[in-house]
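Chain A is already provided as a structure; the job is to place chains B, C and D on it using the hints.
There are 4 protein chains.
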Amino acid sequence: MNISLQDAQAAVQAAVEKSQSLNLKMNIAVVDSGANLVAFARMDGAWLGSIDIAIKKAKTARFFDMPTGDIGQLSQPGGSLYHIEHSNGGLISFPGGIPIKNGEGTIVGAIGVSGSTVEDDHTVAQAGVEALG
Amino acid sequence: MNISLQDAQAAVQAAVEKSQSLNLKMNIAVVDSGANLVAFARMDGAWLGSIDIAIKKAKTARFFDMPTGDIGQLSQPGGSLYHIEHSNGGLISFPGGIPIKNGEGTIVGAIGVSGSTVEDDHTVAQAGVEALG
Amino acid sequence: MNISLQDAQAAVQAAVEKSQSLNLKMNIAVVDSGANLVAFARMDGAWLGSIDIAIKKAKTARFFDMPTGDIGQLSQPGGSLYHIEHSNGGLISFPGGIPIKNGEGTIVGAIGVSGSTVEDDHTVAQAGVEALG
Amino acid sequence: MNISLQDAQAAVQAAVEKSQSLNLKMNIAVVDSGANLVAFARMDGAWLGSIDIAIKKAKTARFFDMPTGDIGQLSQPGGSLYHIEHSNGGLISFPGGIPIKNGEGTIVGAIGVSGSTVEDDHTVAQAGVEALG
Numbered sequence: 001m002n003i004s005l006q007d008a009q010a011a012v013q014a015a016v017e018k019s020q021s022l023n024l025k026m027n028i029a030v031v032d033s034g035a036n037l038v039a040f041a042r043m044d045g046a047w048l049g050s051i052d053i054a055i056k057k058a059k060t061a062r063f064f065d066m067p068t069g070d071i072g073q074l075s076q077p078g079g080s081l082y083h084i085e086h087s088n089g090g091l092i093s094f095p096g097g098i099p100i101k102n103g104e105g106t107i108v109g110a111i112g113v114s115g116s117t118v119e120d121d122h123t124v125a126q127a128g129v130e131a132l133g
Numbered sequence: 001m002n003i004s005l006q007d008a009q010a011a012v013q014a015a016v017e018k019s020q021s022l023n024l025k026m027n028i029a030v031v032d033s034g035a036n037l038v039a040f041a042r043m044d045g046a047w048l049g050s051i052d053i054a055i056k057k058a059k060t061a062r063f064f065d066m067p068t069g070d071i072g073q074l075s076q077p078g079g080s081l082y083h084i085e086h087s088n089g090g091l092i093s094f095p096g097g098i099p100i101k102n103g104e105g106t107i108v109g110a111i112g113v114s115g116s117t118v119e120d121d122h123t124v125a126q127a128g129v130e131a132l133g
Numbered sequence: 001m002n003i004s005l006q007d008a009q010a011a012v013q014a015a016v017e018k019s020q021s022l023n024l025k026m027n028i029a030v031v032d033s034g035a036n037l038v039a040f041a042r043m044d045g046a047w048l049g050s051i052d053i054a055i056k057k058a059k060t061a062r063f064f065d066m067p068t069g070d071i072g073q074l075s076q077p078g079g080s081l082y083h084i085e086h087s088n089g090g091l092i093s094f095p096g097g098i099p100i101k102n103g104e105g106t107i108v109g110a111i112g113v114s115g116s117t118v119e120d121d122h123t124v125a126q127a128g129v130e131a132l133g
Numbered sequence: 001m002n003i004s005l006q007d008a009q010a011a012v013q014a015a016v017e018k019s020q021s022l023n024l025k026m027n028i029a030v031v032d033s034g035a036n037l038v039a040f041a042r043m044d045g046a047w048l049g050s051i052d053i054a055i056k057k058a059k060t061a062r063f064f065d066m067p068t069g070d071i072g073q074l075s076q077p078g079g080s081l082y083h084i085e086h087s088n089g090g091l092i093s094f095p096g097g098i099p100i101k102n103g104e105g106t107i108v109g110a111i112g113v114s115g116s117t118v119e120d121d122h123t124v125a126q127a128g129v130e131a132l133g
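Chains as they are written, first to last, in our numbering: chain A, 1 to 133; chain B, 1 to 133; chain C, 1 to 133; chain D, 1 to 133.
Rather than coming from a laboratory, the hints here were simulated on the basis of the structure. As the structure is a computational prediction, the values presented were derived from the model and not from experiment. Note that the Cβ used here is the ideal one computed from N, Cα and C, for glycine as well.
Estimated spans, in silico, between C-beta atoms of each pair:
#1 D:Asp44 to C:Trp47: 27 to 33 angstroms
#2 B:Trp47 to A:Ser87: 24 to 30 angstroms
#3 B:Leu48 to C:Glu17: 51 to 57 angstroms
#4 C:Asp52 to A:Gly89: 14 to 20 angstroms
#5 A:Ser87 to D:Ala35: 29 to 35 angstroms
#6 B:Thr106 to A:Gly103: 44 to 50 angstroms
Okay, chain A solo, but in the shape it has when bound (with noise of 0.2 angstroms):
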């Protein structure tokens, strides 16, 4: 099962309407079930070092099928995926990535965002996700 197109751009446009009520310029990308991607926007000013970043975090969460800040936890120092960053052509492990599920449960894709805060980062991909629910 894979998201569609028409899914993917409500879950951006909804991430876009949440970047706009919080003053925050995003970049938001969505990939399929296959990890590849399916939608992409980069909202007027946002950083340009962040579309690779939202498009990493998509990948990342689909790769993984788990929000890509609980990677984060298991790569410092340490951790049990100390440096799983140089895998797959570079992961993001901060928060801002996460898995989308249809209504069976069944992941069929993820959103990245980047832009702000990894805080306003996740609330905003979670709005995304909120918006096929």
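Same frame as chain A, but now just chains B, C and D:
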């Protein structure tokens, strides 16, 4: 001058509709004047390998401010730009990428389309450009 | 708005002169608002490994519109941006990269300096920025 | 023996002035005898895609101590160096890169120019070389 997200999404949407009218499944990317990604959409069932090609076509069109197919005319064996595709992390030099200009004729970004024949790719990219006319 | 070659060269020249006054050998890079290289100079005898670092510092400063050292504060183990350096083909997150603004306060590019201690790198980068003040 | 920053900047400046006299917008790179970047300039409005090409031309000319166009003669289908462009992270094998020699005829670096036709690129690169004659 940079293309806005609103205009980039309008170009993507016009390209999606053109694709639907032609019964095609496309990947569509829009970059800004700095050749950085602004908007992207992959239609349901479109080729996965065309994600990267659509993005590279958009970048290539802005890198050299001309339709991608023009570069391919010159990069053939014996041509003056033979193997230019090895630059910039990989160019795509066949049709489907077109610069986007504003009302004053200044290039503000570019669109890249991939998913069918290069003729179809170019036709759909052109529809995206014309939506901003 | 993009920095001109004339301004970029003036910033490089000011950084070279500051380096000479401090008896340092530096690599100095300036990128435009799209994070694309505009001007570069490596002083005689400067570290070869600092060519890439100077360029990456300039790009990183523009990618996130802040001095590179600010990012390094947040990317430490346990920090909110731990391992952000894996994005964008490799970031440099220690001091020596600074955004460049025009008279209206709009960011038009960034400078990156590498070749000595990070304190020296930052001092020389700052001299480049101030030359455009 | 290595080209000095002073000489590299003189070559760049001569190339810029030659470009202006021909009404061209060029990217100009100079590398040293180790094929490492010494100086770079992108003229206002020059192609973004030519940043990398100018640098690769300069490196290619020094990698093999000959004008880049000479390599392209041998890298055609059926030629003895077919697809040599795949080496060294990507070569550029069409004209615009020329080795730079000192007074004793020793190669001390190379210049690479990109932004127009390969004939123009070569002409401007030659102006850079001759400035050091």
